[in-house]
Amino acid sequence: MHPAMDWFSLPSLLKFLAAWMLLLSFALLAQRRLLSLIHLLAWQGVTLAVITSLVAQLTDDRLLWLSAALTFALKGLLVPTLLHRILRRLQVRGDVEMSLNVTSTQLIGIVLVIFAFALAAPLSGALPAVTHGMLGIALAAFLLAFLMMITRRKAISEVVGFLAMDNALFFAATSATLGMPLIVELGIALDALIAFVILGVFFFHIRESFESLDLHWLERLREDQ
Amino acid sequence: MILLWLLGSAIVGVPILALWGDGRKGRWLFIAINFLVLSCSVLAAKDFLQQGPLAAMGEELRMDAFSLILVLLNSVVGMMTAWFSAGYWQQEVQHHHFGKGRQRLYHAMFQSFLATMLLALLSNNLGILWVALEGATLSTVLLVSLLLSCESLEAAWKYFILCGVGLAMALFGTVLLYFAAQPVLGTGAQALLWSALHHHAASLNGTVMALAFVFILVGYGTKVGLAPLNSWLPDAHAAGPSTVSAVLSGLLLNVALYAILRYKSLADAALGPAFASRLLLVFGLLSLLLAAFSMLRQHDVKRLFAYSSAEHMGIICIAFGLGGPLAIFAGVLHMLGHSLAKTSVFFSVGRAIQESDSRELEDLHGILASRPVLGWSLLLSVLAILGMPPGSLFLSEFLIVVASVQHAWFITPLLLLGLGTAFAAILPRLLQMLYGAPNSPKVILSGKDLRPAFLQILAVMTLGIWIPVSLDGWMHSIVGILQ
Numbered sequence: 001m002h003p004a005m006d007w008f009s010l011p012s013l014l015k016f017l018a019a020w021m022l023l024l025s026f027a028l029l030a031q032r033r034l035l036s037l038i039h040l041l042a043w044q045g046v047t048l049a050v051i052t053s054l055v056a057q058l059t060d061d062r063l064l065w066l067s068a069a070l071t072f073a074l075k076g077l078l079v080p081t082l083l084h085r086i087l088r089r090l091q092v093r094g095d096v097e098m099s100l101n102v103t104s105t106q107l108i109g110i111v112l113v114i115f116a117f118a119l120a121a122p123l124s125g126a127l128p129a130v131t132h133g134m135l136g137i138a139l140a141a142f143l144l145a146f147l148m149m150i151t152r153r154k155a156i157s158e159v160v161g162f163l164a165m166d167n168a169l170f171f172a173a174t175s176a177t178l179g180m181p182l183i184v185e186l187g188i189a190l191d192a193l194i195a196f197v198i199l200g201v202f203f204f205h206i207r208e209s210f211e212s213l214d215l216h217w218l219e220r221l222r223e224d225q
Numbered sequence: 001m002i003l004l005w006l007l008g009s010a011i012v013g014v015p016i017l018a019l020w021g022d023g024r025k026g027r028w029l030f031i032a033i034n035f036l037v038l039s040c041s042v043l044a045a046k047d048f049l050q051q052g053p054l055a056a057m058g059e060e061l062r063m064d065a066f067s068l069i070l071v072l073l074n075s076v077v078g079m080m081t082a083w084f085s086a087g088y089w090q091q092e093v094q095h096h097h098f099g100k101g102r103q104r105l106y107h108a109m110f111q112s113f114l115a116t117m118l119l120a121l122l123s124n125n126l127g128i129l130w131v132a133l134e135g136a137t138l139s140t141v142l143l144v145s146l147l148l149s150c151e152s153l154e155a156a157w158k159y160f161i162l163c164g165v166g167l168a169m170a171l172f173g174t175v176l177l178y179f180a181a182q183p184v185l186g187t188g189a190q191a192l193l194w195s196a197l198h199h200h201a202a203s204l205n206g207t208v209m210a211l212a213f214v215f216i217l218v219g220y221g222t223k224v225g226l227a228p229l230n231s232w233l234p235d236a237h238a239a240g241p242s243t244v245s246a247v248l249s250g251l252l253l254n255v256a257l258y259a260i261l262r263y264k265s266l267a268d269a270a271l272g273p274a275f276a277s278r279l280l281l282v283f284g285l286l287s288l289l290l291a292a293f294s295m296l297r298q299h300d301v302k303r304l305f306a307y308s309s310a311e312h313m314g315i316i317c318i319a320f321g322l323g324g325p326l327a328i329f330a331g332v333l334h335m336l337g338h339s340l341a342k343t344s345v346f347f348s349v350g351r352a353i354q355e356s357d358s359r360e361l362e363d364l365h366g367i368l369a370s371r372p373v374l375g376w377s378l379l380l381s382v383l384a385i386l387g388m389p390p391g392s393l394f395l396s397e398f399l400i401v402v403a404s405v406q407h408a409w410f411i412t413p414l415l416l417l418g419l420g421t422a423f424a425a426i427l428p429r430l431l432q433m434l435y436g437a438p439n440s441p442k443v444i445l446s447g448k449d450l451r452p453a454f455l456q457i458l459a460v461m462t463l464g465i466w467i468p469v470s471l472d473g474w475m476h477s478i479v480g481i482l483q
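Here the protein sequences come in this chain order: A and B.
So that you can map any letter, position 84 of the first sequence is 84 in this note's numbering, and since no number is skipped, the others follow by simple counting.
So that you can map any letter, position 142 of the second sequence is 142 in this note's numbering, and since no number is skipped, the others follow by simple counting.
Chain B extracted, bound-state conformation:
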C-alpha cells in the first residue's frame, strides 16, 4: 500500500506542477511534493525493516533491498534538488526572462522525470521498467532543450536520437528475454516479472539470454554513459540547467545501471557468472579510460564533470563485473556516494556559472576569494568526487581496487591509471577555479541556497566513516540479490 502512495504522490505532482508550477508557488509546490515523496519512501523503508520485500498490485510493483536503497537515494536527492532549485531557478527565470509557460514546463517535466525513475525502480515488470526509462528520457529531452538556443536544441536532438536508439536495443533485449521466459513461465505479464524470472532463472535458454543481455547492456549502457555510445552525455549536461545536469548524473545513470544489474543477475543464473561479468568489466574499463582521457582536454566546466560521471559509472561497472561480496558492496556504496557528491558538485558549479555568467573554465577563477561560501562548497564537493578521505568515495574506490587485486590483477594497473588521470584532470582545474585573481569584488552570498549541497557533502563524509546498521544490512542483502 505504501508503495502505491509513494508512486502516486510522485505522479500526481506532474499535473499539479503543469497547472500551477510557475512563480513562487510553483517552487514551493515542487519542494512540498518532493518532501511528500521523501516521507513516503522513509515510511516504506520502515515497513521494509519489519516485513522484508514489499509488493503491490499483484507483484507488479515490488521493493527489495536493492530498489529500496536507490528509492531512498532518489527521493533524498530529488528533495534536495527541489530545495536547491528554488533559489537557482528564480535566478534563471530573471536572467533568461522565462515566461509562465516555460516555468510550468520546467517543474512539470522535472517532476515527471523523478516520477518515472521511481516507477522504474519500483516496477517488478521488466517491460514496465523499459517504459519508465523511456518516459524519463522523454521528460529530460524537453529539459535539456529548455533554453531553445542552437546549442541546447542540438544537444537535446543528439540525446533524443542516441538514447532512442539505445532504448530500442534495450526493448529488443526485453523481447528476447520474454522469448526465453515463455517456455518456463507461459505467456502474459507474469513472464516478465523479475521476481518470477529470478526464481526460475536457471532454466532459461542460455543462448537467448546471452543475446538478450548483449542487447540490454549496449541499450541501457547508452543511458548509463558507457563508451562508445556516450557522446550525448557531455552535451546534454552542458546544455541543460544545472539542476537537470545534477539529476541526470546523480540519478538517471544509476537507474539505468540498476536495470542492467537486474538483467545481469538473470543472465548469471542462466549462463554462469563469467559471461555478463566479463562484458561489464570490458565496458567499464573502456568507459573509465576514455572518459578520464577526455577530461584532460575539456574547457567547459559542466562537460568536465559530465565526463567525470561517465568515469565513475565505468568504475561502478568494474565493481559489479568483478563480483563477489566485497566488490558488490563497494559498487553499491560508490553508487550512493557518487550520486550525493556529484549532485552537490553540479549545485555548486551551477551557482558559480550564474555568478560569472560563463561555463568556460578560464572565466572561472578566484571563487574562494570573491564568493567564500560557494568556494567552500565547490572545494568540498569536488574533493569528495575525487575520492578524498573521509568521503565515502575513498572507501568504495579503495575496496574496488582491493577486489580487483584479488579477482583480476591485470586490470588493477588500468584502473589506477584511469583514477590517476581523472585526478590529474580535475585537481588543477579546481585549484584554478578557487584561487587566482577574483574577477569581481567580494560578495558574501547567503549560504541558504547552498544548504542542500553542504548537507549532501556531509552525508558523503558520514558514509565514509560510519555506515548506519540497517543500511549495512541492506547492502549485504543486495549481494544476495545480485549473485
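In isolation and in its complexed conformation, chain A is listed as follows:
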C-alpha cells in the first residue's frame, strides 16, 4: 500500500480517534464552563460510537454495529440533550468550581496517563490486532474521568465525570474484548438509563431543598456534627 494512503486507512483512523478520545478527556478536565462540558461529553460519545463502528467494520462483528448504534443514540444524543435541558430548566449558571486548579489537575492527569500506559503495557500483546494499544488509552480515560469526579464541586459536573467514566468503560470493552456479550451489554444500557432517570429526578429534589446544585450544601453530614 502507498504510504500516503496509509494515513486514510481504517486502522490508522481508528488510532487517530483513540488519541482524540484521550484528548477529549483532557479537555473535560480543563473545561470550566458547564455548557461546554456537556458539549465535550457529547463529542466523546460520538467519537466512541464512531470507534465502535470502525471496529465493527474491521472485525466484521454484527453485534458491535448494534452496540455502536446504541452508543450513538444514548451517549451521543439522548444524555447530552437531557443534561442540556436540565441545565436550562434549573438555570444553573456559571463555571465549574474546582477544589484544585486547572494546571495541577492537568499535571496529575499526565501522571495518571503514564501510570495507565505502564499498567496496560504487559497486556497489549493479548489484545485483538485491530485495537492494539488502545486498552492503555481506555484505562487512562477512565482514571482521568475519576480525577475529574473527585476535583469537582457541582452536582452536574460530578455527573459529567461519572458519564465520562462510563464512556471510558465502553471504550475499554470495545478495545480489549470487542464488546461485551449482548445480554450483558443490554443490561448495562438498561441500568444506565434507569440511573439517568433517577438522576434527573434527584436534581430537581436537590434544587428544591437546597436552592442550589453546588455540592457545598451537601456537606452537612460530617462525623463531628
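It should be emphasised that the hints constitute simulated quantities derived from the structure, not laboratory data.
For glycine and all other residues, C-beta sits at the position ideal for the given N, C-alpha and C.
Just so you know, not all the hints are guaranteed correct.
Here are some chain A residues the structure puts well away from chain B; computed CB gaps all over 12 Å [as the list claims (entries may be wrong)]:
1) F26
2) A30
3) S53
4) L63
5) T81
6) N101
7) T103
8) L112
9) I114
10) V184
11) A192
Derived DEER-like restraints, expressed as beta-carbon distance ranges [what the hints assert, rightly or not]:
12) A/G125 with B/W409: 55 to 65 Å
13) B/L455 with A/L77: 47 to 57 Å
14) A/L190 with B/T207: 29 to 39 Å
Guided by the hints, dock chain B onto chain A, whose structure is given.
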C-alpha cells in the same frame, strides 16, 4: 425450573406493588410476595439436597451450595423484614403523612431491591451479576431519599455517586475478566459464566486476572463497606427508614462480598492463593480497625450500628483472607449470624426511634423500664451482635481468632484490638439506652411487631449451639467451592 419460579415470583412482585402497594393491602401483598419467595427457596433447597447444583436457562442461572445458603438467608430475612415492615411502615406513614404514591414507591423499590439481590445470587453470568448489583443500588437510592429531607437527599446523593464509582470500577474488572477469558473460552456469554471460568481458571492469564481482581475488590468493596471508600454507609443507614437500613446491612453487604468471593476463587486458581488472600486481609483489617475506632465517637444510634456492620464485614474479609477450611466455615457462619442479628438490631432500633422520635443516643434512655418488650429485643440483639455466647457470632469470631493464630499470628493482636474496641464502643451505649431514667411513662407495646426480631435472635442462638446437619454439609461444600 424451581429457580425460574423463585426469581419470577420476586420480580413479578415489583409491578404488583407499584400498582397496589399502598395502605393495608400493600403491606399484606408485600408479606405475601415474600412468603411466596421464601417457599420457593425452601423448595429449591429441597431439590438441591436431591440433585446437587441446580441450573436453568442454559446455565445462565445456577445455584450451588454457596448461593443456596445466601438465597435462603436473603429470603428468610426478606420475609421477616416484610413482616416487621407492616407495623413499622404504618407508623411511618402516619408520622410523615406519606401519600399513596410514596407508599407504593417504598414497597415497589423494596421488592425490586430484594429481587435484584436474588438475581445477583442466582446468576451464573458475572456480567449479569454486575447488572443486578447496579439494579440493587439504584433501588435503594430512592429508598434512602424517601423522606426528601436535606439530610436524606444528601445521603442518597453520596450513596449514588460513591457506589456508582465503585460499580464502574467493578465493571472495568468484569471487562478485564472477559478479556482474560476470551483466549480460553471464546467470545460470547459462556466466557462470563462462573462455572465455566472456574473449570478453566488455571489457564487464565495471571497478569490480567491480578488487575481484574484489584478492580473488583476496590469496586465491589465500596458496596461491601470496606475502608477507605465506605463513607456512604453510615449516611445511607442513618437517612433511610430502619427497614431499609436493616436490609442494607443484613443483605446487600453480604451479596457484594459474595461477588468478590466468586472472583477470588478464580483469581486463586490463576495466580495462586497468596495474592487475593493478602489483599482481602489488608482491606479487612483496615476496615475493622477504622470502623471500630469511628464507633467510639458516634452519637447517632443508626450510624453507630452502621459502622458496626462495616466492622463485621472487615472480620468476614479477614476470615476469607486467612483461607483454609476452618476460617472459610467461620466466615460463612459469620455472614449468616451477622445478617440475622444485625437486622433484628435495626428492627429494635427502628421501633425505639419511633417511640422517642429521635436518633440521638442521648435522647434514648430507660427503654427497658418504659418499653419492656422493646428493651429486651434491643438487649438480646445487641448482645448477639457483640459476639456474646450462645449467639453464633461468638462461635464464628472465636473460630476466626483461632484460625488467625494458626495461619497469621501477627494479625491476631490487631483483630482482638478491633473486636475489643467495638465492644467498648457499643456496650456502654447499650446500657445507657436500656437503663437510666425513662423519658416517658411505661407503655406495654404489643410484642406482635417485634416477633420477627425475636425469631431471628432465636435463630442466631440456635446456630451458636447446634448447626443443622444439611446446613453443615453445605457449609463444607462451600469450602470446596472457594478453594
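Evaluated hints:
1. F26: A/F26 is indeed farther than 12 Å from all Cβ atoms of chain B, at 19 Å.
2. A30: holds, 21 Å
3. S53: The claim holds: A/S53 sits with its nearest Cβ about 18 Å from chain B, beyond 12 Å.
4. L63: Label violated. Min Cβ-Cβ 9 Å, cutoff 12 Å.
5. T81: holds, 21 Å
6. N101: holds, 22 Å
7. T103: holds, 25 Å
8. L112: holds, 14 Å
9. I114: holds, 17 Å
10. V184: violated, 3 Å
11. A192: violated, 9 Å
12. A/G125 with B/W409: 55 to 65 Å: violated, 41 Å
13. B/L455 with A/L77: 47 to 57 Å: At roughly 53 Å between Cβ atoms, A/L77 and B/L455 fall inside 47 to 57 Å, so the hint holds.
14. A/L190 with B/T207: 29 to 39 Å: holds, 32 Å
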